[in-house]
Structure formats: C-alpha cells, structure tokens
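Undergrad: Let's have the full structure, built from the sequences with the hints guiding it.
In case you want the letters, here they are:
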Amino acid sequence: MPLIELNRINKTYHLGDFEVQVLKDITMSVGEGELVALMGASGSGKSTLMNILGCLDRPTSGEYWLDGEEVSRLSLDQRALLRNGKIGFVFQNFNLLPRTSALDNVAMPLSYAQDNPSEREARVRAKEMLERVGLGERIDHEPSKLSGGQQQRVAIARALINRPRILFADEPTGNLDSRTSVEVLHMFQRLNQEDGVTIILVTHDPNVAHYAQRVIHIHDGQIAAGIYDAQAPKGEEGQA
Amino acid sequence: MRLYRTLRLALRALTRNPLRALLTTLGIVIGVGAVIAMMEIGAGSSTAIKKTIASMGANVILILPGTAASGGVSFGMGSVNTLSPDDCTAIARECPSVRSAAPIVRARAQLVYGSRNWVPNLMDGTTPAFLNIRDLDNLTEGEPFTERDILNGNRVCLLGPTIVRELFQGESPIGKEIRVKNVSFRVVGVLPAKGANMMGMDQDDILLAPWTTIKYRVTGSTLSNSNQSAASTSSTVNSLSNLYPGTSSDLYPATSDVQAADNPMPVRFATVDQILASAISTEEIQNAIRQITALLHERHHIREGEPDDFNIRDMTEMTKTLTSTTTLMGNLLLCVAMISLVVGGVGIMNIMLVSVTERTREIGLRMAVGARPSDILRQFLVEAIVLCLSGGALGILLGHGGSTLVAILLHWPVQTSPAAIVAAVAVSVTLGLAFGFYPAWKASRLDPIEALRYE
Ligand SMILES: Nc1ncnc2c1ncn2[C@@H]1O[C@H](COP(=O)(O)OP(=O)(O)OP(=O)(O)O)[C@@H](O)[C@H]1O
Ligand SMILES: [Mg+2]
Numbered sequence: 076m077p078l079i080e081l082n083r084i085n086k087t088y089h090l091g092d093f094e095v096q097v098l099k100d101i102t103m104s105v106g107e108g109e110l111v112a113l114m115g116a117s118g119s120g121k122s123t124l125m126n127i128l129g130c131l132d133r134p135t136s137g138e139y140w141l142d143g144e145e146v147s148r149l150s151l152d153q154r155a156l157l158r159n160g161k162i163g164f165v166f167q168n169f170n171l172l173p174r175t176s177a178l179d180n181v182a183m184p185l186s187y188a189q190d191n192p193s194e195r196e197a198r199v200r201a202k203e204m205l206e207r208v209g210l211g212e213r214i215d216h217e218p219s220k221l222s223g224g225q226q227q228r229v230a231i232a233r234a235l236i237n238r239p240r241i242l243f244a245d246e247p248t249g250n251l252d253s254r255t256s257v258e259v260l261h262m263f264q265r266l267n268q269e270d271g272v273t274i275i276l277v278t279h280d281p282n283v284a285h286y287a288q289r290v291i292h293i294h295d296g297q298i299a300a301g302i303y304d305a306q307a308p309k310g311e312e313g314q315a
Numbered sequence: 013m014r015l016y017r018t019l020r021l022a023l024r025a026l027t028r029n030p031l032r033a034l035l036t037t038l039g040i041v042i043g044v045g046a047v048i049a050m051m052e053i054g055a056g057s058s059t060a061i062k063k064t065i066a067s068m069g070a071n072v073i074l075i076l077p078g079t080a081a082s083g084g085v086s087f088g089m090g091s092v093n094t095l096s097p098d099d100c101t102a103i104a105r106e107c108p109s110v111r112s113a114a115p116i117v118r119a120r121a122q123l124v125y126g127s128r129n130w131v132p133n134l135m136d137g138t139t140p141a142f143l144n145i146r147d148l149d150n151l152t153e154g155e156p157f158t159e160r161d162i163l164n165g166n167r168v169c170l171l172g173p174t175i176v177r178e179l180f181q182g183e184s185p186i187g188k189e190i191r192v193k194n195v196s197f198r199v200v201g202v203l204p205a206k207g208a209n210m211m212g213m214d215q216d217d218i219l220l221a222p223w224t225t226i227k228y229r230v231t232g233s234t235l236s237n238s239n240q241s242a243a244s245t246s247s248t249v250n251s252l253s254n255l256y257p258g259t260s261s262d263l264y265p266a267t268s269d270v271q272a273a274d275n276p277m278p279v280r281f282a283t284v285d286q287i288l289a290s291a292i293s294t295e296e297i298q299n300a301i302r303q304i305t306a307l308l309h310e311r312h313h314i315r316e317g318e319p320d321d322f323n324i325r326d327m328t329e330m331t332k333t334l335t336s337t338t339t340l341m342g343n344l345l346l347c348v349a350m351i352s353l354v355v356g357g358v359g360i361m362n363i364m365l366v367s368v369t370e371r372t373r374e375i376g377l378r379m380a381v382g383a384r385p386s387d388i389l390r391q392f393l394v395e396a397i398v399l400c401l402s403g404g405a406l407g408i409l410l411g412h413g414g415s416t417l418v419a420i421l422l423h424w425p426v427q428t429s430p431a432a433i434v435a436a437v438a439v440s441v442t443l444g445l446a447f448g449f450y451p452a453w454k455a456s457r458l459d460p461i462e463a464l465r466y467e
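Here the protein sequences line up with chains A and B, keeping their order.
Reading the first sequence from the start, the letters are residues 76 to 315 in the working numbering.
Reading the second sequence from the start, the letters are residues 13 to 467 in the working numbering.
Warning: the hint list may mix true and false statements.
Stated by the list, open to error - Computed Cβ-Cβ distance ranges for the label pairs, DEER-style:
#1 R20(B) x T87(A): 40 to 48 Å
#2 R148(A) x R24(B): 32 to 40 Å
#3 R20(B) x E203(A): 19 to 27 Å
#4 R465(B) x Q153(A): 18 to 26 Å
#5 P77(A) x R24(B): 40 to 48 Å
To be verified - In silico EDC-like links for lysine to aspartate or glutamate, alpha-carbon gap of 20 Å or less:
#6 K188(B) x D161(B)
#7 K161(A) x E145(A)
#8 K454(B) x D152(A)
#9 K454(B) x D132(A)
#10 K161(A) x D142(A)
#11 K161(A) x D132(A)
#12 K161(A) x D387(B)
#13 K99(A) x E138(A)
#14 K161(A) x E109(A)
If you are wondering where the hints come from, they were derived from the structure by calculation, not from laboratory data.
Bear in mind that the values here come from a model prediction, so they are computed numbers and not experimental data.
Glycine residues also receive a C-beta, built at the ideal position from the N, C-alpha and C atoms.
TA: This is the structure in structure tokens:
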C-alpha cells in the first residue's frame, strides 16, 4: 500500500456567488521513499494540492489515505497531531521565527510533540539536527544573521526534528540562487536516499524537477501528463 | 506543551518590546497601585481605631440611667437615677456574656495638695473592676483600692498621670494626702498613661476612688445627682472625722423619721450614675446587651411595651463614625482603581490584538508544525496574564510607595497588608484572563494557510 493515496480529490473555493474549482478529480499515489516533483503553471493548483497533502486543508470531496488512514475528515486537533508527528514542511520564504536563535527555531515543533521531550533533550536533538544540515557552528545565530541558503537549511532541520515520514516543500529553492539551490536539493536527495524520507516538492523549474525520481504535472487542477519516471536526471547534478 | 515553556515564550515575547509592554500596563499599574494604597491605608486606620477603642477598654458596654417622663414631659437623659449598685452586681453575676461590671458615681470638685490645686476632668467613684474593664490594671505605681475600701468608704484614691504632674510635679504621690472638698484622700496608686481619646479628651486627667466614698463623702447625697460643680462651690464645711460629710445645708426643715415613713421617696437605697460593663469578647457584645436588657427589665419591673428606664451603649456607633472618613477615602480610591483597571484591561486587549496581527505568520507556522488551536490560545492567554502580572507587580510597588508617602506626609496610619497583595495578584490574573481571552481566541481561530500567506 502506498504511503499517500488520493482518490478523486476535488477542491472548490466559493467566492461570493462564484465557484472556483481549483482541483478536479485528482487521483494519484506516492510510495514510501519516493522523491516526487509537482510541476505546473502558476495558478494550476499546486499549492492547493500541497496544502491538502500536508493536512493543512481539507478537500471538498474525495478520499485521502495517508499511511493507511483516511485523513480528509479528521478534526483540527487530529490533523495538528498528524502534522506534528508525520509531516515536515519547507517553505519558499523559510518562515523562521524572527529574533529567535537557529536552535530555538529548530526546537520549536518539539513543544507541540506528543512525547513532549524535556527542555534539555529538545536542545540536544535540535543541535544534532543543525549539525546534520551543516550549521553546527551557528546554533545561536538569529535568522537575520544567516544567508538565504543557511536559513533554508535551518528550516529543513526544523522540518526534520520530529523525524517525519514525509517532507513537503513548496518551491524550496524559489528564493535561492542556483548554487545554494543545488546544496538544498542535494540535501533532499541525501535525506531521501539515506533516511528514506518521502519527499514531495513543488517547482516551476525543470532543472529542479530533474532531481526527482518522478514528476507529476498539473494543468488547471488536473493531473496532465500522467506519471512518468524521470530517468536521466537522477544523479545528473547539472546546473539547477 | 509544558507550562514553563509557554511562560518562557511569553516572557521572551514581552521583553522584545519592553517599552511597549510598560506603556500597555500603565493602567494596571495605576489601578493595582490604588488598590494597594487603599487597602494599606484602610488596614492602618482600622488598626488605629481598634487601638483607640481598646485604650478605652475592650468590648465596653455603657449602661446609663433612663429618661424620666412625667405626664408627657421628658426630663432628659439621666434626669432620674434608676441604676443601683445592686443592678451592677447582678449584671456581673447573672449575665454569662458579661466579664465584669463596675458602677460609676461622678463628681466634680477641686483637688488641693499643698499650695496647688486642680479640677480633674473626671472624678469617678467605682470598684476595682473598673480598672479591669478600662484596661488600667498595670498601675505605674502603688496598689489599687480594694473591696474592703468600698465597704468602709475609705478615703483612698488613684490618680491619673496628668493630675500627678499638675499637683506633685515629679514627686511620688503615693501615701500623700490630697483634699477634695475638705475631705482628705490618701493616694494609693498612679494609673497608667492612656493619652487622649478619640474625641481629644485627656484620659489621664482622672481620679478614681471607691464609689461609696465619692457618693457619701464627696457628693454627700443619696437622693439626687445634683450638679456637683455647683455644689462644690457652696463648700459646706466638713469635719474630717464626720462619717457622712458634705450634707447640703438644709433650706427646709429636715424631715422627721415619722414624716419620712409617711412619705416614702421613690428612690432606691442608693443610685449610681452609670454602670460600665465589658463583654467577654467582641462577638459577645450583642449577646451581653440582650442579657443586660432582660435582667434590668426583670429587676426594674418593666413590663413588655413599657419604656425602658435605662440606656445601653456600646462602641459600635463610635467606631462607625471614626471609620466613615477612611471608608470615604477608600471608596474614592476604589473608584480610581476600577476605572484605571478597566482602562488598563482594554489597553491589554488592544496590545494583544496588535500582537496577534503582527505575529500572524508565526501563528500559521506554529499551527503548520502541529500546534493545536488550544496551544495557541494558551500561549496568548499566558502572555496577557504575564503582562498583567508584571503590571500588577509594579502596581504593588507604586501603591506601597504611595501609602508610605501618605504615612510620611499626612501622618496617616498605614499598614502593609498581605491580603492586598493577594488581591492585587488575583486582580491582575483576572484582568489578563478577561481581556486577553478575545485576542487569544482570535489567534487560535486563524486558518494556518491564510496565516502563513499573511504579509
Ligand atoms: N483561498 C482561496 N480562495 C479562492 N481562490 C483561491 C484560494 N486559494 C487559491 N485560490 C485559487 O486557486 C488557484 C490555484 O492556486 P494555487 O495557489 O494552488 O496555485 P499554484 O499552482 O500554487 O500557483 P503558483 O505557482 O503561482 O504558486 C488560483 O487560481 C487561486 O486564485
Ligand atoms: Mg503556489
């Protein structure tokens, strides 16, 4: 059974009398340990789909099976719990807490964790995680004193702190230059291959999509070009 | 989420903008300050009043003779003497809520010692129980007079410090003889100093003697309580050995024994001007008054519905008058406190709403990584409470400083009151909860997607 399975997912927004159908009968699945890229034109519904996949939003209709559980009808609190334990998010604009040290930023999700680690344990885990993303030297730096690439690595450390099964990244390289983009993408690949984290990333950029094992194209809220294996790009670390 | 982590988070959020936090809490600082000042001043004055009342004797009940009325004409309070020494003994013996009772016979006369003279404010004939009721037990010098002195009508007296100062000028008065209307009294003791009472009357300007002595040797009257100051000037000559001196010179021929037997006078054997009693405790005062009333009804044969021939007073009314000023002041401060607390609370609410808006993205992020709405609610609520509590702490300092200033400048009695501090903390927490709830609730209801997208 795949880790993620969508069955005829629809999402409709109501704007006054208007009805905007953003997602139309999306059916797809992502297996455990995959690295998938979501591509599509602006406004095609990629972020909307990501929000549903990330349990931040609920579909208007359809079924969403995550890790053997139908999650589209879960309550607010249940979804919060799910996000905390199984899902990590990486955003285009990093979304770090301002005037808060890298360490505290990374440790933040632990305050909402179910196992509720002690303050000391939380610091140890956050430090380990920062070391893993190569920022062991900068644990006390505030976001304003870090470069964009470093900030995104802090954000990745934060996403991984609760050891999630799945990582969602909405345009993670959108605010980075090409060199740091490559660093971040390599990190994703390593996480995917060494730790078996399932990663779904949204991008406009075909070069970024090349790092994925598989690309899903979305066009006007529908899966367009089907599902195909991106054979060539894998391992080919060209100019992203 | 652990509470101390929430607390740390709240503290960090507040210390990020200390000036803003300070200005926000100003209303609460002033409000809590007013509450503290009010309670400290109130506590101080109530202690002062209690002390004054205790100096007059704790739990004192005063029984006065009633109003005589004849054919609808009232002669005013004390116009007849209806109280007898036996009433006093009966009250002390039969009323369970009464600790002790002492009769008082008043006189007013000049004291002479050597070449000096002095008219004391009070010249009371009484029993040793008086000392106990008035809390005068600890004589500075000498010994109190005894029951035997009362039985014998011995010419002994106790003097208040003022009289000692005026007549003896530093000399010890013990064993000295002073003269009152040509009756010689031996001073046996000096009363402890009490200072002025609530009305500014010098409580130390007093002479105490056995009531029999005052009654039969000084006022010299068994019939009426004539005006002693007037009587004293008509100074009738007494020989010192005369057992019952001070008999007024007769205007009319004395009544013979036969006449007296034919026209019995409507007076009891002996009367006293007042009876002073003390209840066993403050709570028992009302019971004691009830018991005394019942007893006197029985002894004076007053039937249901007939007017009383006595009056009973206790200190409650006096206490009320004395507290009214501080109560007024307290109420004023309370109004100030209420207004500034409400204003302060609205200020807190305002700043918390601003804070929620400013931190919309943070809220969205926290929700995305797994914060439940209740976690967010708690975070902002704790922040509001911490804000109010720090305002409250400043307010406690301000209020305490204010009341200390009042004590120094106006010489008002103030007293630090732990209850005030507890109240201030409770008020702060309540304000934080009440005015922080809406912003916190608003924060908890944010949609994470929209919050994350908020610019
Ligand atoms: N809350 C909303 N209310 C109404 N319409 C919405 C809402 N959110 C998104 N939409 C609409 O849904 C469509 C898809 O939006 P979405 O953000 O998913 O696009 P996207 O593929 O992520 O685009 P981009 O590549 O520019 O980020 C857009 O037309 C947008 O206007
Ligand atoms: Mg998007």
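Undergrad: Each hint should be assessed against the structure and marked as holding or not.
TA: Results of checking the hints against the structure:
1. At about 43 Å, the beta-carbon gap between R20(B) and T87(A) stays in the expected band of 40 to 48 Å.
2. Look at R148(A) against R24(B): about 37 Å separates their beta carbons, and that is inside 32 to 40 Å.
3. For R20(B) and E203(A), the Cβ-Cβ distance of about 22 Å falls inside the hinted range of 19 to 27 Å, so the restraint holds.
4. In this structure the supplied range 18 to 26 Å holds for R465(B) paired with Q153(A), their Cβ-Cβ distance being about 23 Å.
5. Checked against the hint of 40 to 48 Å, the pair P77(A) and R24(B) passes, with Cβ atoms roughly 42 Å apart.
6. The straight-line distance between the Cα atoms of K188(B) and D161(B) is roughly 17 Å, inside the 20 Å bound, and the hint therefore holds.
7. A distance of roughly 14 Å separates the Cα atoms of K161(A) and E145(A); the hinted pair therefore holds under the 20 Å criterion.
8. Only pairs whose Cα atoms come within 20 Å are accepted, and K454(B) paired with D152(A) is accepted, the gap being roughly 17 Å.
9. Using a Cα cut-off of 20 Å, the hinted pair K454(B) and D132(A) holds, with the two alpha carbons roughly 19 Å apart.
10. Taking the CA atoms of K161(A) and D142(A), the gap is near 9 Å; set against the 20 Å cutoff, the hint holds.
11. For a cut-off of 20 Å, the pair hint linking K161(A) to D132(A) stands: about 16 Å separates their Cα positions.
12. For the given pair, K161(A) sits about 19 Å from D387(B) by alpha-carbon distance, which is consistent with the 20 Å threshold.
13. The straight-line distance between the Cα atoms of K99(A) and E138(A) is roughly 13 Å, inside the 20 Å bound, and the hint therefore holds.
14. Pair hint K161(A) plus E109(A) holds up; C-alpha atoms about 15 Å apart against a cutoff of 20 Å.
Consistency note: the structure conflicts with none of the earlier hints.
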